[in-house]
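Read off the chains here:
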Amino acid sequence: MQKEAMIENDFCITFSTVNGSGSATANITLMRALFRMGIPVSGKNIFPSNIQGQPTWFTLRLSKKGYLGRVKEDDIVVAMNPVTLAKDINALVPGGVMLIPDDLTCPQLRDDIVIYKMPVRKILKEANVTPAFRDYLANMVYVGVLASLLKIEIDQIKGALEYHFKGSQKAVESNFETVKLAFDWAEENLEKQDRYITSRMNGTEGYIMTDGNTAAALGAIYGGVQFISWYPITPATSLAETLHEYLPKLRVDPQTGKDTFAIVQSEDELAAIGMVIGAGWGGLRAMTSTSGPGLSLMTEYIGLAYYAEVPVVIWDVQRVGPSTGMPTRTSQGDLTMVNFMSHGDSQMLIIIPGTIQECFEFGWKAFDIAERFQTPVVVLSDLDFGMNQWMTKKFEYPDKPIDRGKVLWEDDLDKMLEQNNGIWGRYLDVDGDGIPYRTLPGNQHPRSGHFVRGTSHDEFANYSEDGDVWVHNFDRIKKKIELARESLPEPVKVMREGADIGIISSGSVDSALLEACDLLAEDGIKTDYLRIRGIPFSKDVWDFIYDHRLTYVVEMNRDGQLSQLLTMDFPDVAYKLRKVAYMDGLPLPAKWIKKQIQESEENLSW
Amino acid sequence: MVTSTGQTTNLVGLTRADYRGAPSTLCQGCGHNSIAAQITAACFEMNLIPEKVVKFSGIGCSSKSPTYFLGRSFSFNGLHGRMPSLALGAQFADRTLEAIGVSGDGDTASIGFGQFKHLVRRNLPLVYIIENNGVYGLTKGQFSATAEKGLQLKRQGTNPFLPVDLAMEALIANATFVARSFAGDPKQVKELIKAAIAHQGIAVIDIISPCVTFHNHENSFHSYSFGKTHEEQLHEISLVLAREEITVEDFERGTTKEVTMFDGSTVVLKKLESEYDPRDKIQALKKLQEAEDNNWLLTGLIFVDPEVPTLFDKYNIPETPMNRLPVEKLRPVRSTLDEINNAMF
Chain A
1 MQKEAMIEND
11 FCITFSTVNG
21 SGSATANITL
31 MRALFRMGIP
41 VSGKNIFPSN
51 IQGQPTWFTL
61 RLSKKGYLGR
71 VKEDDIVVAM
81 NPVTLAKDIN
91 ALVPGGVMLI
101 PDDLTCPQLR
111 DDIVIYKMPV
121 RKILKEANVT
131 PAFRDYLANM
141 VYVGVLASLL
151 KIEIDQIKGA
161 LEYHFKGSQK
171 AVESNFETVK
181 LAFDWAEENL
191 EKQDRYITSR
201 MNGTEGYIMT
211 DGNTAAALGA
221 IYGGVQFISW
231 YPITPATSLA
241 ETLHEYLPKL
251 RVDPQTGKDT
261 FAIVQSEDEL
271 AAIGMVIGAG
281 WGGLRAMTST
291 SGPGLSLMTE
301 YIGLAYYAEV
311 PVVIWDVQRV
321 GPSTGMPTRT
331 SQGDLTMVNF
341 MSHGDSQMLI
351 IIPGTIQECF
361 EFGWKAFDIA
371 ERFQTPVVVL
381 SDLDFGMNQW
391 MTKKFEYPDK
401 PIDRGKVLWE
411 DDLDKMLEQN
421 NGIWGRYLDV
431 DGDGIPYRTL
441 PGNQHPRSGH
451 FVRGTSHDEF
461 ANYSEDGDVW
471 VHNFDRIKKK
481 IELARESLPE
491 PVKVMREGAD
501 IGIISSGSVD
511 SALLEACDLL
521 AEDGIKTDYL
531 RIRGIPFSKD
541 VWDFIYDHRL
551 TYVVEMNRDG
561 QLSQLLTMDF
571 PDVAYKLRKV
581 AYMDGLPLPA
591 KWIKKQIQES
601 EENLSW
Chain B
1 MVTSTGQTTN
11 LVGLTRADYR
21 GAPSTLCQGC
31 GHNSIAAQIT
41 AACFEMNLIP
51 EKVVKFSGIG
61 CSSKSPTYFL
71 GRSFSFNGLH
81 GRMPSLALGA
91 QFADRTLEAI
101 GVSGDGDTAS
111 IGFGQFKHLV
121 RRNLPLVYII
131 ENNGVYGLTK
141 GQFSATAEKG
151 LQLKRQGTNP
161 FLPVDLAMEA
171 LIANATFVAR
181 SFAGDPKQVK
191 ELIKAAIAHQ
201 GIAVIDIISP
211 CVTFHNHENS
221 FHSYSFGKTH
231 EEQLHEISLV
241 LAREEITVED
251 FERGTTKEVT
261 MFDGSTVVLK
271 KLESEYDPRD
281 KIQALKKLQE
291 AEDNNWLLTG
301 LIFVDPEVPT
311 LFDKYNIPET
321 PMNRLPVEKL
331 RPVRSTLDEI
341 NNAMF
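First to last, the sequence lines map onto chains A and B.
For the first sequence, counting from 1, position 496 maps to 496 in my numbering; every step adds exactly one.
For the second sequence, counting from 1, position 286 maps to 286 in my numbering; every step adds exactly one.
By construction, these hints were calculated from the structure, which means they are not laboratory data.
Positions of the beta carbon are idealized from the N, C-alpha and C atoms, including for glycine.
Be careful, since some hints might not be right.
Capping the alpha-carbon separation at 25 angstroms, the derived lysine to aspartate or glutamate pairs in DMTMM-like fashion look like this [stated by the list, open to error]: (1) 52/B with 267/A; (2) 329/B with 253/A; (3) 400/A with 259/A; (4) 270/B with 290/B; (5) 192/A with 8/A; (6) 117/B with 267/A; (7) 258/A with 319/B; (8) 314/B with 267/A; (9) 314/B with 259/A; (10) 400/A with 328/B; (11) 52/B with 412/A; (12) 52/B with 418/A; (13) 406/A with 328/B; (14) 180/A with 275/B; (15) 329/B with 241/A; (16) 329/B with 399/A; (17) 52/B with 241/A; (18) 329/B with 396/A; (19) 393/A with 338/B; (20) 258/A with 290/B; (21) 314/B with 245/A; (22) 258/A with 263/B; (23) 258/A with 98/B; (24) 394/A with 307/B; (25) 314/B with 418/A; (26) 493/A with 540/A; (27) 394/A with 328/B; (28) 117/B with 300/A; (29) 329/B with 410/A; (30) 393/A with 339/B; (31) 314/B with 399/A; (32) 180/A with 102/A; (33) 166/A with 218/B; (34) 117/B with 4/A.
If the Cβ cut is set under 8 angstroms, some of the chain B residues that face chain A in the computed set are [to be verified]: (35) 87; (36) 229; (37) 310.
Here chain A stands alone, though its shape is the one from the complex (with noise of 0.2 angstroms):
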């Protein structure tokens, strides 16, 4: 078996587990120690809608070229799960390895796999566990057996418990002593017949591990956001539990003691996004986080938001619809609803990271956006970036001051005034840009004070119903909007030389499009790619896809929304682009979205 070259951190090791052992804890020191070997590494959790007792999988890809995208095959399973044997037994590659405890049956389907077999329960024994706690360091074994299958620094595994158990000395020490002596029987006793090795190298210097509902949150938090109001649902609430658990360590004036947020658990999303535009009309930066059905029920309001001009900024953290759907699934089917929500005509300002870096920086960005064009921001991120832990460059501190954008206090006010000729509007538009002014309630000017509604109304904020004053109001919000076009993040680019083919995408979808663009350049297929990253797409985009003979749309939903939204924006370019499209829940595997392109160009050329 050692004959054949070994595999050194390009593989990717499965853990089947049930939900609610604790194996989290295990999959997770894992990884870091892996990190802290300088091995680029990702992780994609995959669990049930479920708290205890349902089978689930993590499974980390080591990538010694760095590429963080999911990969659909096995090359090591860790079998703990025996209800899902059979499926596992089947995902791994020939010459992939499993691991099992010696107490499972391994149902011997394949002779093309290495099978390891692991004495949980001796090993257990021997650590002199209490029973209450044999299940969750059951894990602990597998930790300690591939530390020394695949070479992993036993060192680094003691560093990632000491960092998951911060301060608890007695937790650290009962889950390592387990690692230790299942270390050290594998040392003793398993001939290494695989060809799997891990190895110290350099590929996550200047690197952080982290999730993009905490990135999210932190980025907020320094774009100095006032208030929050949310409602529990997956895959959002952690991204509301960061901002409780960082807030009050950031944001106390220490000057006063006093915070400078608040935060609100809701009795529902209608109440979430309701609190949240009273906040922004009120000043504040405001914020919410939720999911596709939160944001559902949050479409009404957010069209009053759009049309009255309320900045607020909304997180989705996109998971598997129409209706519950794929709760605990990642996708992207949420574009088109975002873009026009809301009854009648609007368009809100969407942006999109495409990293956990741009989770942080566009929490920040956000609210300068939604305060410069007094307009809700639908921030787009999925359950991918949202509950799963990735590697990420570290977050940069904002480059710009905030910018809270036109607003008018006491003094302010009396100065437009002097200017116009006493005249000023709350819909008047003084600049040419479609954008007003606006005065914040607590303004002691008499000028200031107005009567904001979700009814039509002039520029003066009084009620009308005249049809004339309803274009001439509306048509300048639409003149805002279409301003935002060049003022939102811009598209992200990788050329190659010689491409004359291109791929648009957005999101998640990133990690494995980075991947998949070199692997079809292997193939001979060089591909220009242009990652969106703001909705209304900027000239940019169209002009990417005016310069190549085709450009592929690839995305994680059903219908194709972004090439849906680019046809509609875009109509004298759309022929030129193909939709590759698909959604099972799960993040797009580079090779797939390679097969995709790479057979659709072999067809053409036929």
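Using the hints provided, position chain B relative to the given structure of chain A.
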């Protein structure tokens, strides 16, 4: 005080005209107009500065009302039934403002029932006025959830359901101020609004406000004739501001009860009949049930607990408006992010 033009001014130097809103577009004789007039009067008498007041409403005839008083104040007319959440968020922006919300029975007892109860539970400092007419006026007369059982409508037939009692609902949700009044009794309406303004937490006033167009049938609970003949006042009520030198001499000794509000002002209740203590929740619930059983329109201050901490007391936010915090206070310094990066494994 009197201005040079002969107009009376209040303690903040404003005249009644400073509290007016736009002319009403509601039907002639609508109970809501009378309520708007009493809000105007109450704000004048309470010496509020219009710029220090913020108004909220939902959707429906009632929710148009904020247009008709305090034209200089900021106001937000939101969505049907969703005024509570809007007000809550907005009030965090500047907690120093006096907030007045106007809602209807469709707004509060139906589509916004959940938000109403949760707002009450949180004790947001808001004067929450329900202009309750038992009917959907703006859609031309359908049953609301407060319409009484057996009511007849031409197209819908007979209402088979018991009505929602909003005062009772507020009490059960732990409201700290619950009152009921009748739009045809402007003096009581005004005094209750004044007391509500003096109250530091949520103040729910359910005002039976007849719909003259769709729902003013002789025997209907929500009609003028019913209110005039069936109104059962718990007491006569009068609010005495802390800084006023008026004493309670107007009231006969032995028949009055005083409740000191958090701001130091006093609600004086003149007894009409039995001993009634509006700080006794059980008694309040009994009284409401008794009124329902006897088909009385029970009015007055039903319950008050002036001491309960408000929503804002549960937060460590500044006393000063949060919407005036300078941007420097909103972004943590650079070194904190370095620490976070270092802690992210």
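Which of the listed hints are broken here?
1, 14, 17, 20, 24, 25, 31, 33, 34, 36 and 37
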